[in-house]
Amino acid sequence: MTLSPILVLGARGKTGRRVTARLDQPFRAASRSGQPRFDLADRDTWAPALAGVGAIYLIPMAETVPGAVVGEFLSAAEEAGARRVVLLSARGPVPGEADPYQEPVEAALRATDLEWTILRPAWFAQNFSEDLFLEPLRSGEVALPTGEGREAFVDAGDIADVAVAALTQEGHAGEIYELSGPEPLSFRTVIEMIAEASGQNIRYTPVETPRFTAMLTAQGVPVEAAEVVAELLGRIRDGAGERVSDGVQRALGREPRPFAEYVKAAAAAGAWTG
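Per my numbering, the sequence shown starts with residue 1, numbered consecutively.
If you are wondering where the hints come from, they were derived from the structure by calculation, not from laboratory data.
Treat the hints with caution; some may be incorrect.
Claimed, not checked - FRET-style restraints, in silico, Cβ to Cβ:
#, residue 1, residue 2, range
1, 221, 173, 48 to 58 Å
2, 222, 100, 18 to 28 Å
3, 143, 253, 31 to 41 Å
4, 22, 83, 12 to 22 Å
5, 83, 148, 38 to 48 Å
6, 44, 183, 25 to 35 Å
7, 79, 200, 49 to 59 Å
8, 268, 203, 19 to 29 Å
9, 103, 209, 19 to 29 Å
10, 48, 273, 34 to 44 Å
11, 261, 26, 46 to 56 Å
Backbone N, C-alpha and C define an ideal beta-carbon position, used for all residues, glycine too.
Let's have the full structure, built from the sequences with the hints guiding it.
Here's what the structure looks like:
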């Protein structure tokens, strides 16, 4: 059992709020919009969040925060007395490698003397019900540059279960867990499943990457961010998401949650009919 409290960053996000819901020991929930306010880009917010913590659930937003800044934060965490960090990273297009955007952060963590565990999840199942794809689903059309590529979507609850185990139990230090669901599914199949479960008429429309990027920028998404999202989705089209990983089984000794189970529960909660 790690020292208390546990600092949970991104505590209002998909995995952060699920981590706090599962912790059975004191924690400090920090986010850019909460109290204590925390922002990796604002060094003045670090010390209040770090005071007295023994472990940290770290979500670095590596696409926008340089790895060197995360390295500074980790040094501050060590100085403040933290001993354990669980990093939410992302799996890359090549098996066994980190997402290129996340690699500098992973390297910064591995260079410390902290007990570290790295989580590299596939795309979250909850992207379909909590943001990102939710509004297109409710509008009746999801247009993406994913073609017929498949992704082994992982449930955010599984990610949180692994994170809590690594934060509070022994035996996870130095481990890199690549996390996925039990089977790869195309976006066409996923949207058909959601349409059937929700009783809604929803269609999937494959589009080319330039058109998708233009669609995002027309909605006000900054060009650089739109290009990153398009690139990540393009990897699915090219087959990078098809592999099924064993991280959930290794960390927890159980199978990951099937996507169909997630769809059934989200539909019952009215996710796509609100």
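So, going through the hints one by one against the coordinates:
For residue 221 and residue 173, the hinted distance range of 48 to 58 Å is not satisfied, since their beta carbons lie about 38 Å from each other. At roughly 19 Å, the beta-carbon separation of residue 222 and residue 100 lies within the given 18 to 28 Å, and the hint holds. Restraint check, residue 143 to residue 253: a C-beta distance of roughly 40 Å satisfies the suggested window 31 to 41 Å. The hinted window of 12 to 22 Å between residue 22 and residue 83 holds, with their beta carbons roughly 20 Å apart.
Taking 38 to 48 Å as the suggested C-beta distance range, the pair residue 83 and residue 148 conforms, at roughly 46 Å. For the pair residue 44 and residue 183, the beta carbons lie near 46 Å from each other, so the given range of 25 to 35 Å is not met. Checked against the hint of 49 to 59 Å, the pair residue 79 and residue 200 passes, with Cβ atoms roughly 52 Å apart. As the Cβ distance of residue 268 to residue 203 is approximately 23 Å, the hint placing it in 19 to 29 Å holds.
A hinted range of 19 to 29 Å for the beta carbons of residue 103 and residue 209 is consistent with their spacing of about 23 Å. Taking the beta carbon of each, residue 48 and residue 273 are about 41 Å apart, inside 34 to 44 Å as hinted. Checking the proposed 46 to 56 Å range against residue 261 and residue 26 shows it is violated: the Cβ atoms sit about 31 Å from each other.
Hints 1, 6 and 11, counting from the list given before, are not met by this structure.
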